[in-house]
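Chemist: Position chain B against the provided structure of chain A, taking the given hints into account.
Protein chains in written order, with the numbering used here: chain A, 29 to 141; chain B, 92 to 202.
Where hints are given, some of them may not hold.
[To be verified] With the C-beta cut set under 8 Å, the calculated list includes, among others, these residues of chain B facing chain A:
#1 GLN133
#2 GLY134
#3 LEU135
#4 ASN188
#5 ASP189
#6 MET190
#7 ARG191
#8 ALA194
Honestly, the hints are just simulated from the structure, not real lab data. We treat Cβ as the ideally placed atom computed from N, Cα and C, and that holds for glycine.
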Amino acid sequence: KAGVTQTPRYLIKTRGQQVTLSCSPISGHRSVSWYQQTPGQGLQFLFEYFSETQRNKGNFPGRFSGRQFSNSRSEMNVSTLELGDSALYLCASSYQGAVEGYTFGSGTRLTVV
Amino acid sequence: AQSVTQLGSHVSVSEGALVLLRCNYSSSVPPYLFWYVQYPNQGLQLLLKYTSAATLVKGINGFEAEFKKSETSFHLTKPSAHMSDAAEYFCAVIVNNDMRFGAGTRLTVKP
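Here chain A stands alone, though its shape is the one from the complex (with noise of 0.2 Å):
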């Protein structure tokens, strides 16, 4: 079956500007996180939603928003971007939580400008 999708790859976006993220989980799959990876700060959860619904949220600005749809897909946005935005944006799914382990998408590189 079709693994966790993430688009685009790769983003170059200038300071000010927003950003959206999208993500296909697993089919089935009613959990999706989000994950913000730098080489300072490592990996760190931003948020996850549950059958559209945000379950748990991250210690992030307001400027980092999302939602799920009914088919589960999801997507990140990043409003007024800053220089130090720049990471590699994970999606990861699974069918009810983190407890079960989740599956990773490739990520999407954002650059700010």
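Modeler: Frame of chain A, contents of chain B only:
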């Protein structure tokens, strides 16, 4: 709060040698623990997970990990390293129903 600490940001072994990557957790209750591997420019791949069914957990690619409550450890091992094992490895624990990761250990395998 539960967390994991990975000892050693870089580990280098020779091909065929034992691989030992260390992970210690802080938890007052039996945790859910995981090991993931990340190859360059890719996402994370689940190697194995501990869910209290057995203390010795076998994973993919010949890796295994042993849960030791007395030492609060969940170290990852592989008897014989292969060049293809070169990657970054992450230990993770469930915190408030979310997965939180250690800082990672980069494994280098020398020919």
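Chemist: Compare the structure with each hint and give your call.
Modeler: Verification of the supplied hints:
Checking GLN133 (chain B) against chain A: minimum C-beta separation of about 5 Å stays under 8 Å; hint holds. At a threshold of 8 Å, the smallest CB-CB gap from GLY134 (chain B) to chain A is about 4 Å, leaving the interface hint in force. With a cut of 8 Å, the hint placing LEU135 (chain B) at the interface with chain A holds, because the nearest CB-to-CB distance is about 4 Å. Hint status for ASN188 (chain B): holds, given a least beta-carbon distance of 6 Å to chain A, under 8 Å.
Interface restraint check: ASP189 (chain B) against chain A, minimum CB-CB distance 5 Å, threshold 8 Å, status holds. A distance limit of 8 Å between C-beta atoms decides the matter here; for MET190 (chain B) the minimum to chain A is near 4 Å, and the interface restraint holds. Evaluation of the ARG191 (chain B) hint against chain A yields a held restraint, the C-beta minimum of about 6 Å falling below 8 Å. Because the closest C-beta pair between ALA194 (chain B) and chain A is about 5 Å apart, less than 8 Å, the hint holds.
Every hint from the earlier list agrees with this structure, and none is contradicted.
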